[in-house]
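Please put together the full structure from these sequences, using the hints given.
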Amino acid sequence: MPGQAVESQVILVVGGGIAGITAAVEAAETGYDVVLLEKTASLGGRVAQLNRYFPKLCHPTCGLEINFQRLRGNARIKVFTMATLAGLSGARGRYKASVAVSPRHVNANCTACGDCAKASQTQVPNPFNYGMDKVSAAYLPHPMAYPMRYVVAPQVIGTPEADAIRAACKYGAIDLDEQPKTFELAVGAVIWAVGWQPYDAGKIQSYGYGRVANVITNVEMERLASPGGPTQGRIVRLSDGREAKRVALIQCAGSRDYNHLAYCSRICCLGSLKHAAYLREQYADAQVDIYYIDIRAHDKLESFYRKIKADPQVRFIKSKPASISAGENSDPILHGEDTLTRELYDRPYDLIVLATGMEPSAHGVTPALKLSTDDYGFVVPEIDEEAGIFAAGVAAGPLDVSMSVQSATAATLRAIRAVRTNGAAAHKGQA
Amino acid sequence: MRTIAAAPAGSRTYDLNFARWVYQNVDGGDRLSLCMQCGMCSGSCPIGTAMDHGPRKLFMMIRAGMKEAVLTSDTIWNCTQCYNCVVRCPRQIPVTNILQGLATVAVREGYAPEQPTAKFAKAFWFSVKHFGRTDERLVTAFFYFSFGLVEGIKRGLANLPIALRMIKAGRMHLGAPHRAKGAADLRAIIAKAEEIEKRERAQGAQQ
Ligand SMILES: Cc1cc2nc3c(=O)[nH]c(=O)nc-3n(C[C@H](O)[C@H](O)[C@H](O)COP(=O)(O)OP(=O)(O)OC[C@H]3O[C@@H](n4cnc5c(N)ncnc54)[C@H](O)[C@@H]3O)c2cc1C
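Those protein sequence lines, which keep their order, are chains A and B.
Note that the working numbering has the first sequence beginning at 1, numbered continuously upward.
Note that the working numbering has the second sequence beginning at 1, numbered continuously upward.
Take these hints with a grain of salt, some might be off.
[What the hints assert, rightly or not] What the simulated footprint calls covered on chain B by chain A, stretch by stretch (three residues with Cβ under 8 Å from a Cβ of chain A suffice, anywhere in the stretch; the number is not a length):
{"id": "1", "stretch": "37-43"}
{"id": "2", "stretch": "52-62"}
{"id": "3", "stretch": "90-101"}
[Said to hold, decoys possible] Here are the simulated DSSO-like pairs of lysine-lysine, each with C-alpha atoms no more than 27 Å apart in a straight line:
{"id": "4", "chain 1": "B", "residue 1": "LYS168", "chain 2": "B", "residue 2": "LYS154"}
{"id": "5", "chain 1": "A", "residue 1": "LYS370", "chain 2": "A", "residue 2": "LYS39"}
{"id": "6", "chain 1": "A", "residue 1": "LYS318", "chain 2": "B", "residue 2": "LYS154"}
{"id": "7", "chain 1": "A", "residue 1": "LYS56", "chain 2": "A", "residue 2": "LYS307"}
{"id": "8", "chain 1": "A", "residue 1": "LYS309", "chain 2": "B", "residue 2": "LYS57"}
{"id": "9", "chain 1": "B", "residue 1": "LYS129", "chain 2": "B", "residue 2": "LYS119"}
Since the hints were derived computationally from the structure, they do not count as laboratory data.
Note that the structure is a prediction, hence the values are computed from the model and not measured.
Just so you know, even glycine gets a beta-carbon here, dropped at the ideal spot from N, CA and C.
The structure is reproduced here in structure tokens:
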């Protein structure tokens, strides 16, 4: 790209999920300076909230820990948590990014000893567990948090409880006067890796989420099955604590549906197969029914599907269920048509899990930068090459973790080409 | 110009021309090719158990070209047009309209001689066409006697007590049927519409 002077070679990465972390680490290890912004109090994104990864069912903390190590040891990376991009002006190679930071009220002196939490009485909904349980107003985002630092919830600021929290800290880490602030940065390229949010299951009216007891979503199932979850990993019903052994998993809950998300999120089939594995591992007598339109186990993931399918206690029922109603003993009842037999069923379950899709977080919150998005709100990855703005991970499309990592590496390469001063001409012409 | 061709003859059990014909000639049929056989429509139907096939299977039968079986199915007649399936269909297929369109074809091409719903629709239409509104006695009598003289008398007698109570409550009147204002104009409009339809069908048959 001739004619454009590169004044800053800093690569700004927005979003600290697996895609953003990968992009930051790859760019820094290649020798470029990186600023990584994460909106929440800790890095890791949605991956930190998974119990296990398909297809090998290993723990996501493992993959994250490796990346945190790379991050920690690299002086080229600056991480800002509770921070987001508030504005962007300029052009490739000479952007002014304005960064907005919300107060955490805990500074770098924090040793994560937990004395502040003991001094706090107020309980706030725990976002890490999708609000299924509560945490103290002074809390660690989760056991694997990076940075390993507490947060004081805004709910208690200005109360005597906040003073007690400050008094309990032996390290002077509590800063109750911290205010929201904004600062400017000179950067050369931007990698947009803001990921996804679960589709709001309450919008699928006939499935009764939020209305009928013991109807949950797939992301909640990940937390239920996780040792750090609201039930310490026991898959039970939140209504009465009963073991959930007869479970229905509903595919395409609000996906491939013009009334909701018109596209396939690609990972939910594998997600539910994984949930079947969680249940079968936990209860020898579990009966799992997977309701599907068609199972989309892409590429190498077909073998995981075959393995689960071979289990006689996991039934596959070709049907998009029509509705869910409340039955006796808080059992939700599933209604629909089995399309292979034409049987109209009304089946009670202990628990029904809605496999909702991934909606781009970019949806409606895209700030000053004008990103090109497809019909569904995913950022078109290459289109802003001239501008030096690139998308990675689920911000660019519904991807699993390995694909998100690949897309982040690709975005990093493009960003490096965009800020390279010497070889800029080679970028378009000869490449 | 629009033409209304007769559906391809059902000489074979499977005739793929029938699917194409439905896509092109039945209201909403063009969206049928989007159907992914998920079962949302049949599962959502409040009277699904009263249908031989249900919409999802019927749509598959259309695709398979099973004209005879489709046009003699009770699914197209038992639909109450509640639109539950239409609002829930993930592909936004106007299921109700398609069923209704198929019912029209079934009547026109003589596939539904014994369908009670078809008989009732004819009785209803007779009253509206001639008087501009429905007359309970006319519709009922027309409907009952369409099953034959003996059956008509039987059904009439069985419902006599209800009729008497309705008269007593002022819900049914004696004497000539009420006419809507401008019933004659309505008749002229309908006559014109029928003439156009006849012309279009004649053209369709020629093609
Ligand atoms: C139920 C379920 C189970 C799954 N299981 C698996 C599995 O087993 N294996 C697998 O490979 N994949 C799985 N996935 C998919 C996996 O979660 C995604 O591939 C992965 O989260 C993508 O990472 P990401 O970094 O693109 O996005 P995210 O994980 O969403 O990370 C984005 C980050 O950006 C931050 N952010 C958002 N907006 C802003 C902003 N404006 N400013 C700054 N930061 C922002 C967010 O807080 C977040 O930390 C599953 C998905 C679901 C729904």
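Cross-check of the supplied hints:
1. Counting residues of the stretch 37-43 of chain B whose beta carbon lies closer than 8 Å to any beta carbon of chain A gives 6, which meets the minimum of three for the stated coverage.
2. Counting residues of the stretch 52-62 of chain B whose beta-carbon sits less than 8 Å from any beta-carbon of chain A gives 4, enough to reach three: the coverage restraint holds.
3. Remark: the stretch 90-101 of chain B is confirmed as covered by chain A, as 3 of its residues place a Cβ nearer than 8 Å to a Cβ of that chain, reaching the required three.
4. At roughly 22 Å between alpha-carbon atoms, LYS168(B) and LYS154(B) fall within 27 Å of each other, so this suggested pair holds.
5. This hinted pair checks out: LYS370(A) and LYS39(A) have alpha carbons roughly 19 Å apart, not beyond 27 Å.
6. At roughly 47 Å between alpha-carbon atoms, LYS318(A) and LYS154(B) are farther apart than 27 Å, so this suggested pair is violated.
7. Among the hinted pairs, LYS56(A) with LYS307(A) is consistent with the structure: their alpha-carbon atoms are about 12 Å apart, no more than 27 Å.
8. In summary, the hint linking LYS309(A) to LYS57(B) is supported, as the alpha carbons are separated by about 26 Å, within the 27 Å threshold.
9. Simply put, LYS129(B) and LYS119(B) have alpha-carbon atoms about 15 Å apart, close enough for the 27 Å limit, and the pair holds.
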